[in-house]
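K.L.:
Sequence:
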Amino acid sequence: MKRLTEFDQLADPTFSQAVIDWQRSHGRHTLPWQNTTDAYRIWLSEIMLQQTQVAAVLGYYGRFLERFPTVQALAEAPSEDVMAHWSGLGYYTRARNLHACAKRVVEQYGGIFPGDPALLAELPGIGRSTAAAIAAFSVGARAAIMDGNVKRVFARVFGIEQYPGEKRVEDALWRRAEALLPETGVESYTQGLMDLGATLCTRSRPDCPRCPLRERCVAYATGRTAELPVRKPKKTSPEKRAALLVVIDGGQVLLEQRASSGIWGGLLSLPEVDGHLGGEVDAVAAASVVAAGAQFGTVDEVEALRPLVHVFTHYKLHIAPWQVRLSARGGATGRHVWWDLQAIADAPLPAPVKKLLLELGRPGLFG
DNA sequence: CTCCAGTCTA
DNA sequence: TAGACTGGAG
Numbered sequence: 001m002k003r004l005t006e007f008d009q010l011a012d013p014t015f016s017q018a019v020i021d022w023q024r025s026h027g028r029h030t031l032p033w034q035n036t037t038d039a040y041r042i043w044l045s046e047i048m049l050q051q052t053q054v055a056a057v058l059g060y061y062g063r064f065l066e067r068f069p070t071v072q073a074l075a076e077a078p079s080e081d082v083m084a085h086w087s088g089l090g091y092y093t094r095a096r097n098l099h100a101c102a103k104r105v106v107e108q109y110g111g112i113f114p115g116d117p118a119l120l121a122e123l124p125g126i127g128r129s130t131a132a133a134i135a136a137f138s139v140g141a142r143a144a145i146m147d148g149n150v151k152r153v154f155a156r157v158f159g160i161e162q163y164p165g166e167k168r169v170e171d172a173l174w175r176r177a178e179a180l181l182p183e184t185g186v187e188s189y190t191q192g193l194m195d196l197g198a199t200l201c202t203r204s205r206p207d208c209p210r211c212p213l214r215e216r217c218v219a220y221a222t223g224r225t226a227e228l229p230v231r232k233p234k235k236t237s238p239e240k241r242a243a244l245l246v247v248i249d250g251g252q253v254l255l256e257q258r259a260s261s262g263i264w265g266g267l268l269s270l271p272e273v274d275g276h277l278g279g280e281v282d283a284v285a286a287a288s289v290v291a292a293g294a295q296f297g298t299v300d301e302v303e304a305l306r307p308l309v310h311v312f313t314h315y316k317l318h319i320a321p322w323q324v325r326l327s328a329r330g331g332a333t334g335r336h337v338w339w340d341l342q343a344i345a346d347a348p349l350p351a352p353v354k355k356l357l358l359e360l361g362r363p364g365l366f367g
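Oh and the first sequence: position 266 is 266 in UniProt numbering, straight run, nothing missing.
Any given hint could be a false lead.
Unchecked claim - Dumping the calculated SDA-like pairs for lysine to any residue here, alpha-carbon to alpha-carbon at most 25 Å:
#	residue 1	residue 2
1	354	342
2	151	342
3	234	205
As the list claims (entries may be wrong) - So the derived label-pair ranges between C-beta atoms look like this:
#	residue 1	residue 2	range
4	232	335	15 to 23 Å
5	259	218	53 to 61 Å
6	233	67	12 to 20 Å
7	53	24	21 to 29 Å
Don't read these hints as lab results, they were simulated from the structure.
Glycine included, each C-beta is placed from N, C-alpha and C at the ideal position.
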């Protein structure tokens, strides 16, 4: 008994057949770059369609072909002329690569695009997926595409819960795509995957009732079409920590003027304890707080208050507030001011600090 | 505002 | 593996 390879396990002829049948009856057949095997026209459309929607490309494709009807014409044209006909489509690297590619095809291949996806992928502006699309549509090569549409369709149908941009996941998607390739009818299959992603399996509000893959779709079965594919994990913003002193004496709290630039610039705030992390609530931290509090008077006792987290656009600040009770005042500088806790709502304080002090002013909450 | 998209480059 | 490119969708 021969052991099944991963490739065999992923293969499923009924998948491609469902896509092909749907494409023939419900797919798109009349786009200007369809119904041709002219690799030049196909290549041009694929490059224009990178990062660009069909509707936008429609306005450029015909004009471009009129001016540059063959790859030779394009190769011979001055680059300003090429750029001018691309102007407005964006991603101008594509236009520069397009021109360079045309020259290479003329010089290296006598003006005939290679049919081998591996050779196509060596040309400027043509990556693995675009190479496969050109080869499939021009010579019917059995090559797999993997663009945003296919990633979305696969993520949903196969219930892929990992981020498709991650290398391991993307490699697995490619393997799956190759295993699922039909023996014949690659053109319809490839076009079908594109059309499915563009017209039914859309990013938001997919039209599942019309989808030929509905019965085999994991996301549909589990009601997770809105969650798949999972979006790029937010890279964790840096986290910072600060210990703040809540020095209380006679119904007043000690505030400190902050530097005019930087976070909370120019506002009043609570004195910050530097020299140790703000997160720890232990004897070492308490000792630092006692030492820091001593510059404002005679420290009676210190008490850790409930820590809070403040989220900025670019980082997360963990605040460890420490209440410091004084038995005598002394040492505060001109940057400091004693503020009546009753009137704390009027102080120019950062929102999280004001919230903290307002809660502190409420009797009973912090003993 | 954030997310997303193929290819190329750092 | 992250970012640049550029514009559209949400």
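K.L.:
Next, verify each hint and record whether it holds.
P.N.:
Hints versus structure:
1. 354 / 342: holds (12 Å)
2. 151 / 342: This hinted pair is violated, its Cα atoms lying about 59 Å apart.
3. 234 / 205: holds (23 Å)
4. 232 / 335: 15 to 23 Å: violated (44 Å)
5. 259 / 218: 53 to 61 Å: holds (54 Å)
6. 233 / 67: 12 to 20 Å: violated (44 Å)
7. 53 / 24: 21 to 29 Å: holds (24 Å)
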